[in-house]
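Q: The listed protein sequences correspond, in order, to chains E and P.
Anchor point for the first sequence: position 432 equals 432 in the working numbering, and the numbering is continuous, going up by one each time.
Start counting at 1 in the second sequence, then tack on 1000, and there's your number in the working numbering.
Check each hint, because a few of them may be wrong.
Distance condition first, Cα-Cα at most 35 Å in a straight line; then the derived DSBU-like pairs of lysine-lysine [what the hints assert, rightly or not]:
#: 1; chain 1: P; residue 1: K1175; chain 2: E; residue 2: K142
#: 2; chain 1: P; residue 1: K1072; chain 2: E; residue 2: K16
#: 3; chain 1: E; residue 1: K13; chain 2: P; residue 2: K1007
#: 4; chain 1: E; residue 1: K168; chain 2: P; residue 2: K1086
#: 5; chain 1: E; residue 1: K119; chain 2: P; residue 2: K1086
#: 6; chain 1: E; residue 1: K379; chain 2: P; residue 2: K1214
#: 7; chain 1: E; residue 1: K90; chain 2: P; residue 2: K1075
#: 8; chain 1: P; residue 1: K1255; chain 2: E; residue 2: K132
#: 9; chain 1: P; residue 1: K1175; chain 2: E; residue 2: K340
What the simulated footprint calls covered on chain E by chain P, stretch by stretch (three residues with Cβ under 8 Å from a Cβ of chain P suffice, anywhere in the stretch; the number is not a length) [as the list claims (entries may be wrong)]:
#: 10; stretch: 58–70
#: 11; stretch: 258–267
Keep in mind that the hints were calculated from the coordinates and are not lab data.
C-beta atoms are modelled at their ideal positions from N, C-alpha and C, and glycine is treated no differently.
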Amino acid sequence: MGREVVSTLNLNKVLKNINIDADWIGLRHVKESTTYRVIRDGNPEENNTNIEHGIMVEVLVNGQFGYYGTHRLDSNSINHAAQKAYDIAKNAAKYSIHSFSNSVRPKSIGEYNSPYKIKSLDLDQLMDILIKSNILLRGSKKIISATSMARIVNMEMNFISSNGSNLKQNFLYVGPGFRTIAQDGDIIQSRSYMDQCKQIGMEMFDEEFVMKKCESICKEAVELLHADECPNENMDLVLHSDQMLLQIHESIGHALEVDRILGDERNYAGWSFVNLDDFGKLKYGSDIMNITFDPTIPSEFASYGFDDTGNKATKEFIIKNGILQRGLGGLESQERAKIKGVANVRSCSWNRAPIDRMANLNLEPGNSTFDEMIESVEKGIFMQTNRSWSIDDFRNKFQFGCEYAKLIENGKLTKTVKNPNYRAISTPFWNSLKKVGNSDTFDVYGTPYCGKGEPNQCVRVGHASPACVFNNIEIFGGA
Amino acid sequence: MDKYYSKLNDYLFSIVNKNEIIITNFSGENSQFIRFNNSKIRQTGIVDDMNFSITLLLNKRKSSISMTLSGKENKDLLLLRSYLDKLRIDMQNIPEDPFIVFPTLSDSSKEIYTGSLLNFDSAADYLVPIMQGVDLTGIWASGKIFSGNANSLGLHHWFETDTFSLDYSLITPSKKMVKACFAGTKWNQNEYEEYITDSKKKLELMNKEPIKIKPGDYRTYIAPSGVSDLIDMFSWGGISEAAIQQGDSSLIKLKTLEEKLSPCFSLTEDFSNGTVPRFNGTGEIAPEKLPLIIAGSLKNTLVCSRTEKEYKVQTNYATSDESLRSPVMSPGNLNEESILSNINEGVYLSNLHYLNWSDKIGGRVTGMTRYACFWVENGEIIAPIENMRFDDTIYNIFGNHLENTTNKTYLIPNIGTYEGRGLGGIHCPGIMLSSFSLTL
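Looking at chain E on its own, in the form it has when it is part of the complex:
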């Protein structure tokens, strides 16, 4: 479970030995080790380790990038990869959508390391925590299945280029996953704690924290069995920060990826309702909406020092006081679109070319306490923890469902309801934002499952947010 040692591949020597007439050459060497442990219903279900190791050779020829991702790490094979990347780039240059220069691969030198307190746990200690947590998740006779999971990822990335870049980034990604399913007759309900993946050490599996969380999950799953169905009507919606994760991701993050706006994703993930001339003008949300791209928050899941083109990562306001400021586009997209962007060109591994990704995208805290937010609602609902998500290819019409909700009546949280859902359209929804919670309601979340790109790439994203209140939203229940 400890960090694997990257093989002693001398990238500088390999780069010097590459003999092609390219305008630029980059080598991105990645070794990623994922340990995955699952206890389900008291028994071990998964004990897996996966080690991915390879190199992405990227070349620029006549304004066109070409790449060759290879698992063969000897010098001859990397030379061959560079030659093939050169050949296909040279041919493709006849049909390029844009002619790039190496200005989109800036010279950068630096290092980044994930923060952590406890680097590793002995396997027997980790298994012990998972087994104990699983007992608590099954703390009622109504529980029919419960899962405890740990995913620990060590990733080391070295990047060098012919224009002098030399980057080392070492990441430690830790993801807990706890879920329990309760049944009473034909009613089945579940609760989970899955989406707080972070760059953090094994302190994530602090026994007291985990056990408390699992007890609470179990109790709420059973509580839902006897809850009323969520009503079908328009009312105010209060979202917990753990659902804001999804709300920000789908209705802001993907809509503002500049490669989508430029049409690269139209055949797969989709386009965007946002146009290039919306930047600096579009009233995306209400005046209290402030969205930042922030890869500098310690422990947030998609923090990094540099993106995969070598661009240094900095915090930037994407939406300020409700007005759209800049896009989620790296240097290639910024050059094509002629708008301001961020350092967000990333790939999922050594075998994929980097593209615009949202990384950490956060809603900045406001002034309201949680109690003030609830007191401000005459009739509404407070929802927690995503369980269903869908949005159209232009990122307009969304429908999201949560695991757990409580009605709000005359400024007070009242009864629990099950199968809560809501649907709306992105900008009217964000313009209905009427209160943003303060830092006491703020929390940091992350997920390893953001899919996009052709060929497909699944990357890690982070979202941090306070709880929020939205005015007059369409709410509805189950089947």
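Start from chain E and add chain P according to the hints.
A: Then chain P, alone, in the frame of chain E:
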């Protein structure tokens, strides 16, 4: 590549200790990807990948490790040795699994499908010219895919195939699109150019001014591409026996007979077309045909051997996640020529997008209409519709509201590339629904 896999296995199985059993899996690809936007090249590249996994079973304990190989024999043998030792250490700290599945020695298999593919260096020259004059966005993927499975008892499976696909969207200036996929194993330039030309003609239909329809229940036809998305949902908390047992399936109500599906709906897992390997990660061979839902009745769920042990339901050698691998939905008797007249007034949906269970236990699924979707009146296409959200149950879609299915099925290829290029696809017809709920 099969020979290299055999060499690695020979070494690994020679160092197995008494009482240990080892299962290995091997997979990889040598693929070209070209990404198009507006009929021009956005990105071009090649991926050469090779992965090996070792599963060690000993005394009711099981642990696995998978790794990227270097392709250099001496180096890879050392790597396998060190990772096997790591697994042996892991074994001492993991609990026993009462439902562990040990492999058995059965028939080995070898399937190699050699195709005729475009040369990587010049592929763009064959693909790009016919795209001109239209906004085409999509992905070209081509090359060899291979996978193998073996165990220390002597079993050895191998599957290798050459495939290509151009999955694309054609887009009008008013942002309306049609979707298509030209896929196969033997490249034919004339067929390719005819296919693109045909797509261009379909795009002309999208030039009509789109109309906005109100949320409500509409008589609806869903074409095979859209139906394949719905069938795909059966792999995600659907047809899995473990998911049903654990209260995490949309088909629980079908299993308990609280709900039923239409006599028009039949679904079979059918490997007879040879597009995907029949062996699973444990090396078990699935039956060539397994009826799942026949005339609306649940006949079989997908059951892996671990589920058999845990829930006492007979295995049908499904994969460990009990997902569909080669599903075939049966055709009905609706002529394709009669689709529009059969709709009379309603909507024609070519594709669906971003499906998710909105109430899994209730079987309710939501998603969007996408691409070529039309409003139909008096049996004629009137205009494209603006995208709508749907939210309806599979007990309506494949049950109460399913009137008929077309008399022809199509293979909707699996062009997914998340963990390597996908294989196979879903065979299905189009479906005619008396009502379909559009909500936003």
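Q: Which earlier hints turn out false for this structure, listed by number in ascending order?
A: 1
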